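Here are the chains, one letter per residue:
2 protein chains.
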Amino acid sequence: IGLSDTDEAMENLIKVFYRYSGKEGDKYKLNKKEMRNMLQEELAEFLTGSNDSAVVENIMRDLDENKDGEVDFQEFVVLVAALTVACNDFFVDSMKRCPTSE
Amino acid sequence: IGLSDTDEAMENLIKVFYRYSGKEGDKYKLNKKEMRNMLQEELAEFLTGSNDSAVVENIMRDLDENKDGEVDFQEFVVLVAALTVACNDFFVDSMKRCPTSE
Numbered sequence: 071i072g073l074s075d076t077d078e079a080m081e082n083l084i085k086v087f088y089r090y091s092g093k094e095g096d097k098y099k100l101n102k103k104e105m106r107n108m109l110q111e112e113l114a115e116f117l118t119g120s121n122d123s124a125v126v127e128n129i130m131r132d133l134d135e136n137k138d139g140e141v142d143f144q145e146f147v148v149l150v151a152a153l154t155v156a157c158n159d160f161f162v163d164s165m166k167r168c169p170t171s172e
Numbered sequence: 071i072g073l074s075d076t077d078e079a080m081e082n083l084i085k086v087f088y089r090y091s092g093k094e095g096d097k098y099k100l101n102k103k104e105m106r107n108m109l110q111e112e113l114a115e116f117l118t119g120s121n122d123s124a125v126v127e128n129i130m131r132d133l134d135e136n137k138d139g140e141v142d143f144q145e146f147v148v149l150v151a152a153l154t155v156a157c158n159d160f161f162v163d164s165m166k167r168c169p170t171s172e
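Protein sequences appear in the order of chains A and B.
Numbering of the first sequence is given in the numbering used here, commencing with residue 71 and proceeding in unit increments.
Numbering of the second sequence is given in the numbering used here, commencing with residue 71 and proceeding in unit increments.
Since the hints were derived computationally from the structure, they do not count as laboratory data.
Warning: the hint list may mix true and false statements.
Since the list can't tell identical chains apart, any single copy or any two copies may satisfy a pair.
Each computed DSS-like pair below joins lysine-lysine, with the alpha-carbon atoms no more than 30 Å apart [stated by the list, open to error]: (1) K93 / K137; (2) K93 / K103; (3) K166 / K93.
What you are looking at is a predicted structure, and each value in this text was computed from that prediction instead of being measured.
All chains should be modelled from the sequences, with the hints used to inform the complete structure.
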């Protein structure tokens with residue numbers, strides 16, 4: 071039985087999370103340094119560059135629902151889901167503004 | 071600039087959605103038939119087989135937050151996020167029960 075594209079996407083997100091969360095401290099959570107590395111290497115195009123530290127700080131605060139100073143997998147998935155929806159909105163907008171595509 | 075694994079996962083989810091939503095009716099939403107096809111081809115391992123129609127029916131009802139009988143991209147991402155978190159919980163459980171892995 072092969073993996074579908076959706077299975078692979080899910081598997082990749084799990085792998086990415088542990089690639090960073092496993093570096094130090096709690097292996098199942100991203101601390102601030104791990105989070106910064108993850109954002110810079112995986113989602114650099116969403117960091118607008120103005121002040122990366124402040125951005126990382128804000129994202130951590132927003133995601134860390136249980137306020138333990140670390141981001142667990144469920145909190146990480148919320149970030150990726152939100153970014154994916156934002157990407158999709160951008161994509162749909164472009165499609166709808168392009169009359170030749172129909 | 072190359073795509074990171076996270077970028078690819080996000081891109082794959084968007085592609086998968088439109089592969090099914092574009093088949094008929096509103097091209098930006100999954101109707102019940104498109105949803106059934108998507109679930110069977112992409113997430114078959116999560117359909118326990120007992121009664122696929124009932125499962126599809128339930129998933130549609132749960133996801134369709136704005137009650138228009140169709141599932142849009144944002145509602146689809148909620149499903150994939152929930153399944154990914156479930157997969158991850160299973161994965162973490164297995165890891166923690168496996169003393170040799172440390």
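Each hint tested on the structure:
1. K93 / K137: within (21 Å within a copy, 44 Å between copies)
2. K93 / K103: Within. Shortest intra-copy distance 10 Å satisfies the 30 Å Cα cut-off; inter-copy 44 Å does not.
3. K166 / K93: Classified as between: cross-chain Cα gap 17 Å, same-chain 43 Å, threshold 30 Å.
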